[in-house]
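Trainee: From first to last, the protein sequence lines stand for chains R and C.
The first sequence begins at 1 in the working numbering and counts up by one.
The second sequence begins at 1 in the working numbering and counts up by one.
Think of the hints as simulated: they come from the structure by calculation, not from any bench.
No false leads were slipped in.
Repeated chains share a single entry, so a pair holds when one copy, or any two copies, can fit it.
Derived pair list, reagent style DSS-like, types lysine-lysine, alpha-carbon separation capped at 27 Å:
#1 K204 <-> K186
#2 K126 <-> K248
#3 K204 <-> K214
#4 K57 <-> K101
#5 K214 <-> K101
#6 K148 <-> K186
Protein chains: 2
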Amino acid sequence: MRDFSQDHRWLSINTATVRRQAGAEVPLDRIIDQCAERGIRAISPWRDQVAAAGLDKVAAQLRAHGIGLSGYCRGGFYPAPDAAGLKAALEDNRRAIDEAKMLDAPCLVLVVGGLPGALAGNPAYKDIGRARTEVFDGIAASLEYARKVDMPLAIEPLHPMQAADRACINTLEQALDICDALDPQKSGMLGVALDVYHVWWDPKLEQQIARAGKERLLAYHVCDWLTPTRDLLNDRGMMGDGAIELRKIRGWVEAAGYAGYSEVEIFSAQDWWLRGGEETLAACIERHRSVV
Amino acid sequence: MRDFSQDHRWLSINTATVRRQAGAEVPLDRIIDQCAERGIRAISPWRDQVAAAGLDKVAAQLRAHGIGLSGYCRGGFYPAPDAAGLKAALEDNRRAIDEAKMLDAPCLVLVVGGLPGALAGNPAYKDIGRARTEVFDGIAASLEYARKVDMPLAIEPLHPMQAADRACINTLEQALDICDALDPQKSGMLGVALDVYHVWWDPKLEQQIARAGKERLLAYHVCDWLTPTRDLLNDRGMMGDGAIELRKIRGWVEAAGYAGYSEVEIFSAQDWWLRGGEETLAACIERHRSVV
Chain R
1 MRDFSQDHRW LSINTATVRR QAGAEVPLDR IIDQCAERGI RAISPWRDQV AAAGLDKVAA
61 QLRAHGIGLS GYCRGGFYPA PDAAGLKAAL EDNRRAIDEA KMLDAPCLVL VVGGLPGALA
121 GNPAYKDIGR ARTEVFDGIA ASLEYARKVD MPLAIEPLHP MQAADRACIN TLEQALDICD
181 ALDPQKSGML GVALDVYHVW WDPKLEQQIA RAGKERLLAY HVCDWLTPTR DLLNDRGMMG
241 DGAIELRKIR GWVEAAGYAG YSEVEIFSAQ DWWLRGGEET LAACIERHRS VV
Chain C
1 MRDFSQDHRW LSINTATVRR QAGAEVPLDR IIDQCAERGI RAISPWRDQV AAAGLDKVAA
61 QLRAHGIGLS GYCRGGFYPA PDAAGLKAAL EDNRRAIDEA KMLDAPCLVL VVGGLPGALA
121 GNPAYKDIGR ARTEVFDGIA ASLEYARKVD MPLAIEPLHP MQAADRACIN TLEQALDICD
181 ALDPQKSGML GVALDVYHVW WDPKLEQQIA RAGKERLLAY HVCDWLTPTR DLLNDRGMMG
241 DGAIELRKIR GWVEAAGYAG YSEVEIFSAQ DWWLRGGEET LAACIERHRS VV
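All chains, please: the whole structure from these sequences, using the hints.
Mentor: Here you go:
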């Protein structure tokens with residue numbers, strides 16, 4: 001297992017972690033500068049932030065700073081109530097793949113979607129089996145294009161509490177079953193983004209990480225599970241402040257062959273997003289070295 | 001599949017559903033009277049409510065009304081930071097089994113516990129594997145006593161969002177693995193309480209329900225998953241108001257041989273607990289007939 005205690009060369013910052021600082025939205029170019037100032041070598045930006053800052057500008061700024069990506073957030077959201085919606089989702093994922101390519105990302109992270117409309121509080125249908133079929137077909141279609149342009153897709157299993165509205169792939173086992181069905185040759189073009197927040201509770205986690213292996217483990221995200229958790233989306237904790245055995249899980253991931261970044265992704269409406277970016281980034285670096 | 005549309009003979013009310021009415025706590029004897037007035041044939045009461053009302057009195061009142069139990073809530077909470085705590089948990093579960101026996105319950109429902117102290121916001125340890133071992137050992141010990149007095153134990157897998165603080169058994173597969181290890185003969189003394197709220201998202205649900213079969217399916221609980229869900233514990237929906245395919249899941253459960261009550265268990269701090277008991281019970285009856 002790699003020693004993280006001496007430096008933070010394997011730290012990546014998911015830009016959602018600092019997209020709000022002291023309660024205010026912060027543009028991506030400012031976040032990139034903040035990371036560069038602290039010797040952070042990688043980030044994972046979100047599409048809306050990139051669009052707001054300008055794709056070419058972001059690419060140039062990253063190159064100028066020598067900052068790489070640990071992933072690009074995000075494609076997915078495949079299910080739809082009708083054919084037009086399904087087609088629109090595929091087109092949008094194609095654009096996401098192109099953007100990921102422009103930014104030289106190692107993978108596009110897929111949050112696959114749940115029951116269409118559920119995120120707005122009004123599911124168009126309740127058949128989660130149908131949503132899962134639409135997700136499977138959507139990933140298959142995206143993968144075809146992704147192979148052409150050489151952009152790996154990383155399925156992110158989301159916590160079961162987000163099954164209805166954000167992603168109906170909810171365990172690592174389920175994600176790997178899809179990978180094995182669509183990419184049996186383990187080409188490196190289809191794998192998973194493993195976020196401890198979503199999977200830490202899974203009794204089969206160690207077993208399924210070993211099954212995933214190096215070829216499927218395309219990204220690794222950390223934060224912590226707070227007790228109590230006050231919100232289903234935006235109450236993640238800083239590493240070390242919650243219940244997750246971070247060292248143990250990273251040990252399993254590295255034993256399986258993963259040797260990439262440890263990406264910090266914290267949505268925290270009531271705590272970290274209210275603090276200054278300096279404080280949050282300092283905590284990310286310190287905790288990366290001490291508890292991740 | 002049984003036809004529920006003509007009557008509510010297979011409806012049971014978990015008394016947590018109406019423990020608060022119009023915002024105020026309601027004693028168990030009043031709840032039992034309300035159920036009797038509506039021809040409800042079964043309830044599932046909670047230990048604290050029974051203790052407050054008096055065990056003998058509750059038993060007598062139930063007999064007088066001809067109301068049975070669909071389960072008794074609840075045993076479990078096995079993990080502890082030390083030997084004294086583990087022993088105390090076993091003793092408490094023994095008392096719960098005795099109470100269930102006094103009330104002629106068909107099973108004692110087990111909410112097995114998570115990281116000790118996590119419910120109070122301060123986990124004594126983070127090793128969920130250790131908690132799972134303590135749970136396994138605890139169930140084994142309780143089962144020995146339960147066999148002697150002939151009181152079946154029903155493990156309730158809880159939603160993964162409650163893994164840290166309430167129950168580290170989080171899928172039906174995991175619960176059935178424990179049942180198979182401790183009761184390979186399928187004696188009927190160890191099984192599961194299946195609550196749709198906790199398991200509806202599981203991609204292996206249909207398969208594992210079939211695996212469970214009649215011998216393991218000791219209780220069946222319904223409510224609904226709201227989008228959005230505003231609280232991890234107390235924001236359950238009335239059947240039909242959320243994303244769960246209730247008919248489909250009951251179909252699987254009955255195909256596996258379950259022929260018992262459909263128990264309504266709704267924790268709803270911001271909605272149903274603020275309404276009158278008459279309205280809530282009327283809704284339970286109507287939805288039982290129309291959507292369960």
